[in-house]
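There are 2 protein chains.
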Amino acid sequence: MLDSAVPPMAPRRDTKHALREICRIAARVLYDKGYDGASMQDIAEAVGLTKAGLYHHVGSKDRLLFEIMNYGMNILDEVVVSKVRDIVDPRERLRRTIIGHIDLVVRTRDLEITVILHENRSLKGDLRRVINARKQAYIRLLEQTIAEVQAGTSAPPRISPRLASFALLGMINWLYQWYRPEGPIKEPELAETYVDFFFRGLLGER
Amino acid sequence: MLDSAVPPMAPRRDTKHALREICRIAARVLYDKGYDGASMQDIAEAVGLTKAGLYHHVGSKDRLLFEIMNYGMNILDEVVVSKVRDIVDPRERLRRTIIGHIDLVVRTRDLEITVILHENRSLKGDLRRVINARKQAYIRLLEQTIAEVQAGTSAPPRISPRLASFALLGMINWLYQWYRPEGPIKEPELAETYVDFFFRGLLGER
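First to last, the sequence lines map onto chains A and B. If you read the first sequence in the numbering used here, its first letter stands for residue 136, the second for the next number, and so on. If you read the second sequence in the numbering used here, its first letter stands for residue 136, the second for the next number, and so on.
In isolation and in its complexed conformation, chain A is listed as follows:
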């Protein structure tokens, strides 16, 4: 709220906005040419900056890759985590998390960011650790929600929250490999089918 109300904050918002736009466009270039195949010059041209201007914004190519991944995790927080965090019923929270995460992966405009986030071997050292820590935090959130769902039933758990979380992440994150929104399976059908499949796998028949 303050950000949009107080004029002195505007420059910071512009910088943030510029960084997001750079991340989006750079992700497309990296996706097309590969991390090693894309030069900072290629990326600067695509973004519409001089090479010096691009370096001014992102510091280095490593740092740019980090910013893209960090932006991907920001989107996950914004469009999934922050929207489900306050849902009291764990089943409903899990259901909304699955639907939100599927929506994020199949949104074509962020496809390149999704791919780069998953194929993260190019990132090294501390920057890689920061991204991995954010991914771990999301996995812990899934595990906790799954454990709560299991605790709400009378049956003993059939799968550990950890394995169930990774099975779920696999089902969802793999979508970028094959799912096309323009194909025969529409997103609501996909999401509902995956939610039901996951809940049956987790809990058995209801």
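Derived by calculation from the structure, the hints in this document are not laboratory data. Note that this is a predicted model, so its numbers are computed, not measured. Hints are all accurate, no fakes.
Under the rule of at most 25 Å between Cα atoms (straight-line distance), these lysine to any residue pairs were calculated in the SDA-like manner:
#1 K259(B) - R163(B)
#2 K270(A) - D167(B)
#3 K168(A) - N308(B)
#4 K168(B) - M175(A)
#5 K168(A) - R198(B)
#6 K168(A) - D171(B)
#7 K186(A) - D171(B)
#8 K321(A) - Q279(B)
#9 K151(A) - A272(A)
#10 K218(B) - R231(B)
#11 K168(A) - Y311(B)
#12 K168(A) - A173(B)
#13 K196(B) - S174(A)
Starting from the known structure of chain A, arrange chain B on it as the hints suggest.
Just chain B now, kept in the frame of chain A:
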């Protein structure tokens, strides 16, 4: 059988063996440096060939990438498909397929090939089409087996064989992102848990 019995076949076998070794080692170099980051010189040195010798064996860098992916699909055929094809009971066939595919993905010695097979944007044109056709054939096999399993129950299907296949592929192929054989979850436990989870998701409670 003929291959190992008839001396004139030996040279062909040697060539095949040499190509497999090149694929294995080259996969490691491509995995470490990325397709664009790894030069044919890097790969030749790792394999222990001159650059000319490497080109003699594989023709081009594109072709080498294709051979690695093709080799990955050969392994899938050898260690999974060929071993389950003649199992009459579809449930048992599906169970063995899941266990075999999990084993393939978590075998550390082929990790790089698995990764390269999944991150296949570097392959273009006809070579890419050949690999994708082989992947499609495997998916059809999964779909058929799943449909047979569903047909063997009295309940109406709860998920299409296609979506169930992709959910399964996601669960299994995603393992390379997180599963470590030296970690706390051993492969037999992982495989059994995933098999049971998948069958519950597919059919509901048994």
